[in-house]
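Colleague: In case you want the letters, here they are:
There are 2 protein chains.
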Amino acid sequence: MSDPVEFYFDFSSPYGYLAATRISQLAGKYGRGVAWKPILLGAVFKVTGSGPLPSLPLKGPYSKRDMERSARFLAVPFKLPDPFPVSTQAPARAIYWLEQKAPGRIEACVLALYRAYFVDGRDISSPDTTADVLASLGLDRAEALAAIGEPAIKERLRSATQTAIERGVFGSPYIFVDGEPFWGSDRLDQVERWLKSGGF
Amino acid sequence: MSDPVEFYFDFSSPYGYLAATRISQLAGKYGRGVAWKPILLGAVFKVTGSGPLPSLPLKGPYSKRDMERSARFLAVPFKLPDPFPVSTQAPARAIYWLEQKAPGRIEACVLALYRAYFVDGRDISSPDTTADVLASLGLDRAEALAAIGEPAIKERLRSATQTAIERGVFGSPYIFVDGEPFWGSDRLDQVERWLKSGGF
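Just so you know, the sequences run in chain order A and B.
If you count the first sequence from 1, position 126 lands on 1249 in our numbering, and the numbers rise without skipping.
If you count the second sequence from 1, position 110 lands on 1233 in our numbering, and the numbers rise without skipping.
The reader is advised that the hints may include incorrect statements.
Which copy? The list can't say, so a pair holds if one copy fits it or any two copies do.
As a list, the in silico DSSO-like pairs of lysine-lysine whose alpha-carbon atoms are at most 27 Å apart [unchecked claim]:
1) K1169 / K1187
2) K1182 / K1319
3) K1182 / K1169
4) K1187 / K1319
5) K1319 / K1152
6) K1202 / K1319
7) K1224 / K1277
8) K1319 / K1224
Hints are computed from structural coordinates only; laboratory data are not their basis.
When you get a sec, could you build the whole thing from the sequences and use the hints?
Modeller: What follows is the structure, encoded as structure tokens:
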């Protein structure tokens, strides 16, 4: 099996959510797995000088409309949550805990956390809510909650975000296929061609 | 025939160029024409606080790669020009001159000007070069050159850009189908579905 597709994302990113619902099947079609890499876009925005979509003049109102329309276009359930965006330390750290604890459960947990926020409107910025979602998938709630507060796990998220910035990641989703970078849920067609042809 | 698809673009926008090569055929498939509306992104950026893609941290280097790859993906000839971006008053004003003079020639001129810049690397910010391109399509070179300097034409471009900003346009291409806004060459799939279904 070739190298996994690297999938950088923020749990508060609607386009990250849309792409997350599709990337695994797409990668699998070409014999690839997915390396799920949650990061904090807030740290990225400090470098780029950008900010969350809703805060941007003109782009903000358009984005809201585009997120909802893009979800309908892809037939993915979506309801813009309130509050939006939220801090995503808790769900992101939970994924890095699973990297050690139960790597085989990462994908299911990513999708469940994304659905909790973007379908059910649950505030996953709360460690308790994040732990509840993981518990609903059979993981140990208390252990998850403890992990979210653990210095080593916090450091793992910090360093993943730093590595992302060093690799040029400036948005979510941001996908690498054998080193080639693709930004945005609207690049999955190019991702597929790249997987199929090894470049173009 | 229903209302035309409104196509806002800047002549220095690679994604505007990519979409321009396809929008007419796409609209025509659904019995629509295209209303070509060149604007100045520089004026838009004053409102949004953004800037030309190459100037943006992290996004700049990615964008260059993405423009070239997106062109290959669509099999559209493309060579990132130097200098890039350039001021686009001259070609934009030429189009508003044609609106009065020869509306039937607008599309051919838009595509020829875009190709002059993004394929042949000619600096269309120069009124002389813009007039040369129009002359190569059989239009009157001296008349085109005079029009580019005419106060009424300058005002036409200013007001088109102002109207665009009032309508929420913040990038190029920016497309309206019956009032519904779509930003980016990567939204043509949604534009097509909207044309086909009258919404989704």
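Colleague: Evaluate each hint against the coordinates.
Modeller: Going down the list of hints, with the structure as the test:
1. K1169 / K1187: both (22 Å within a copy, 22 Å between copies)
2. K1182 / K1319: between (34 Å within a copy, 26 Å between copies)
3. K1182 / K1169: both (19 Å within a copy, 13 Å between copies)
4. K1187 / K1319: Between copies only: 23 Å across, 33 Å inside.
5. K1319 / K1152: Within one copy, since 9 Å is at most 27 Å while 30 Å is not.
6. K1202 / K1319: between (33 Å within a copy, 25 Å between copies)
7. K1224 / K1277: within (15 Å within a copy, 65 Å between copies)
8. K1319 / K1224: neither (33 Å within a copy, 49 Å between copies)
Checked against the numbered hints above, the structure violates only hint 8.
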